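A.B. asks: Take the sequence shown: its letter number 75 is residue 74 in numbering that gives the first Met the number 0, and every next letter is one higher.
Rather than coming from a laboratory, the hints here were simulated on the basis of the structure.
Any given hint could turn out to be false.
Derived pair list, reagent style DMTMM-like, types lysine to aspartate or glutamate, alpha-carbon separation capped at 20 Å [said to hold, decoys possible]:
1. 92 - 124
2. 486 - 451
3. 612 - 600
Restraint-style ranges between C-beta atoms, simulated for each label pair [what the hints assert, rightly or not]:
4. 224 - 83: 43 to 53 Å
5. 526 - 105: 46 to 56 Å
6. 399 - 441: 51 to 61 Å
7. 149 - 448: 35 to 45 Å
8. 254 - 135: 49 to 59 Å
9. 124 - 402: 43 to 53 Å
10. 166 - 562: 24 to 34 Å
11. 166 - 368: 25 to 35 Å
12. 224 - 408: 39 to 49 Å
13. 412 - 111: 42 to 52 Å
14. 149 - 567: 31 to 41 Å
15. 330 - 111: 15 to 25 Å
Please read all numbers here as calculations on a predicted model, not as lab measurements.
From the three backbone atoms N, C-alpha and C, an ideal C-beta is built for every residue, glycine too.
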Amino acid sequence: MFNLNLTHDPTLNNIQETPPTTSSALHNPPTLSLLHHRLLSNMSSFAVKLITPTPTTKLSSTRLYATPSQTAVPAPSPAEIAADRLEPRVEKKGKYYVLKEKFRQGINPHEKVKIVNEPMKLFMENGIEDLAKIPFEEIDKVKDTKDDVDVRLKWLGVFHRRKHHYGRFMMRLKLPNGVTTSAQTRYLASVIKQYGDQGCADVTTRQNWQIRGVTLPDVPAILKGLDEVGLTSLQSGMDNVRNPVGNPIAGIDPYEIVDTRPYTNLLSQFITGNSQGNPAVTNLPRKWNVCVIGSHDLYEHPHINDLAYMPATKNGRFGFNLLVGGFFSPKRCEEAIPLDAWVPAEYVVPACGAILEAYRDLGTRGNRQKTRMMWLIDELGVEGFRSEVVKRMPEQALERASTEDLVDKNWERRDLFGVHPQKQGGLNFVGIHIPVGRVQADDMDELARLADEYGSGELWITVEQNIIIPNVPNAKVKALLDEPLLKEKFLPEPPILMKGLVACTGNQFCGQAIIETKARALKVTEEVQRLVSVTRPVRMHWTGCPNTRGQVQVADIGFMGCMSRDENGKVVEGADVFVGGRIGSDSHLGDIYKKAVPCKDLVPLVVDILVEKFGAVPREREEVEK
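Start from the sequences, fold in the hints, and give me the full structure.
C.D. replies: See below:
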């Protein structure tokens, strides 16, 4: 098991919850002392202070599973799997886990880079200090230091933008549940401000910040500054666990099932070793995503995560059913499937550790397109994979799934924009639109001021790249809405087609992106808005490449960057267009509608799709009908 010392995130202390109303099936949620005792008994050394994760909605205990219907993964039974296939492929050497010699045939180049030099040494043994002092022209002369800059630094959340911005870096943070403070926001603003036009920040689709323009000599000081304000960028890239996602209005949602912040906070502390590094989970075969569901709205998108915790009761106890294996990649996209497992609330971290350990030990490390966890589940079968998880659980036990799912499958997803009352009387949260997630340093400073002046000094990030200002008293709402930033740039009530607009970084900064996305997404949407009228939001997602970080497959209309040819045969930027993605309890991945559409031809195509499939009315006809 993993030996960690976890500490409490102080931002969780800012909300005073009203006593929850619970159904008879939920009379005995885990108490704080019970959580402490069982975590201490079953996981390792925990020193945790957190809000009691108590179910907060009265519901029938006969809900259907809030998961998409799935076809069983065809695979051999556990008894038919060869014993040597279940031999762990990694071994512990010192404090790090390395791939065994016997399993090094046919591995991909990234695995070779990890073998030559352990990436986590750059952080845990302070290698970044020496690397940051080497001139860039010298770094590129030696393969090992070049690999440090282009590959291994990603274990520290530091990404070289070699293709388009040589010598500049993006830094990706860990921000469990998307909760950040005004002080943290001001610090990030101070970092990017020093880089002028090169510096900016993005709100990401995993409730996170990314900052841009960073230079290598500054990285050690930035890492120290992050630590001083309670942030880390550690283990946020490459073969690591990404930011744990939760309900973006956790703890203040009048209809929430459970406050997800304690769980996402604990998961993040476990994954990063309390921001000191956790080598037990840093040598995965590929990246890995996790979320904890706390809302009926499924804001957290469980079906596209490697592990999703779905709230459910069992014999009067509160806990979670587990979904596993959801992912996107250029060659394959799959929705998460049930593991047929339920864990009590205090086993959230042990279950995560056991699943990660099974994946780390047994996942293949050849073709990078076939190394996500679902490929291992395919090979072993759900039951075979489950049995490997059981072996790695405390007491080698894992209960079967509960039938008492707590997510209301018929729930209508709520819009988070504008002013909404919290469950704390007299307080409100205000959702504001951040166009395609891009912010500048001055914007961040102003957002921090608004959070302090009108709220509780926090900003909460959503997976749709927007921001929530929580804990605004009734008496301050009007003044907040009258602030110039909310009147002119970050609107609480954006135009209807802008509400669901999401875009990845695109080729402005990302070397993998084939097309520019953010400015184009705004331009296309603005033009479409002038041509048609719609009566409900339509979620439109843009991604610059098949890695689909813009999550186009879950959008109503998705655009995946590609190269195309115009009417004259000239090669131009284009997009494969997807239609029909759904989120929520009836989630469904969208299908290709039309391939390789030149970007200049997208506006009329989108207009046609909106009229044909979403009930849009052309503006000319709308005027006539008035």
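A.B. asks: Hint by hint, note whether the structure agrees.
C.D. replies: Right, here's what the structure says about each hint:
Between residue 92 and residue 124 the alpha-carbon distance is near 15 Å, which keeps this suggested pair within the 20 Å criterion. A hinted pair counts as satisfied when its Cα atoms are at most 20 Å apart, and residue 486 with residue 451 qualifies at roughly 18 Å. Under the criterion of a C-alpha separation no larger than 20 Å, the hint pairing residue 612 with residue 600 is consistent with the structure, at around 19 Å. Checked against the given bound of 43 to 53 Å, the beta carbons of residue 224 and residue 83, roughly 48 Å apart, stay inside it.
A hinted range of 46 to 56 Å for the beta carbons of residue 526 and residue 105 is consistent with their spacing of about 49 Å. For the hinted restraint 51 to 61 Å between residue 399 and residue 441, the CB-CB distance of approximately 54 Å keeps it satisfied. A hinted range of 35 to 45 Å holds for the C-beta pair residue 149 and residue 448, which are about 38 Å apart. Residue 254 and residue 135 have their C-beta atoms about 52 Å apart, which keeps the hinted 49 to 59 Å range intact.
Distance hint for residue 124 and residue 402: a CB-CB separation of about 49 Å, consistent with the stated range 43 to 53 Å. Distance hint check for residue 166 and residue 562: the Cβ-Cβ separation is about 27 Å, which falls inside the suggested range of 24 to 34 Å. Look at residue 166 against residue 368: about 30 Å separates their beta carbons, and that is inside 25 to 35 Å. With their beta carbons about 45 Å apart, residue 224 and residue 408 fall inside the hinted range of 39 to 49 Å.
Taking the beta carbon of each, residue 412 and residue 111 are about 45 Å apart, inside 42 to 52 Å as hinted. One distance hint, 31 to 41 Å for the beta-carbon pair residue 149 and residue 567, holds here, with the actual separation near 38 Å. For residue 330 paired with residue 111, a C-beta distance near 21 Å keeps the hint of 15 to 25 Å intact.
Hint compliance for this structure: no hint is broken.
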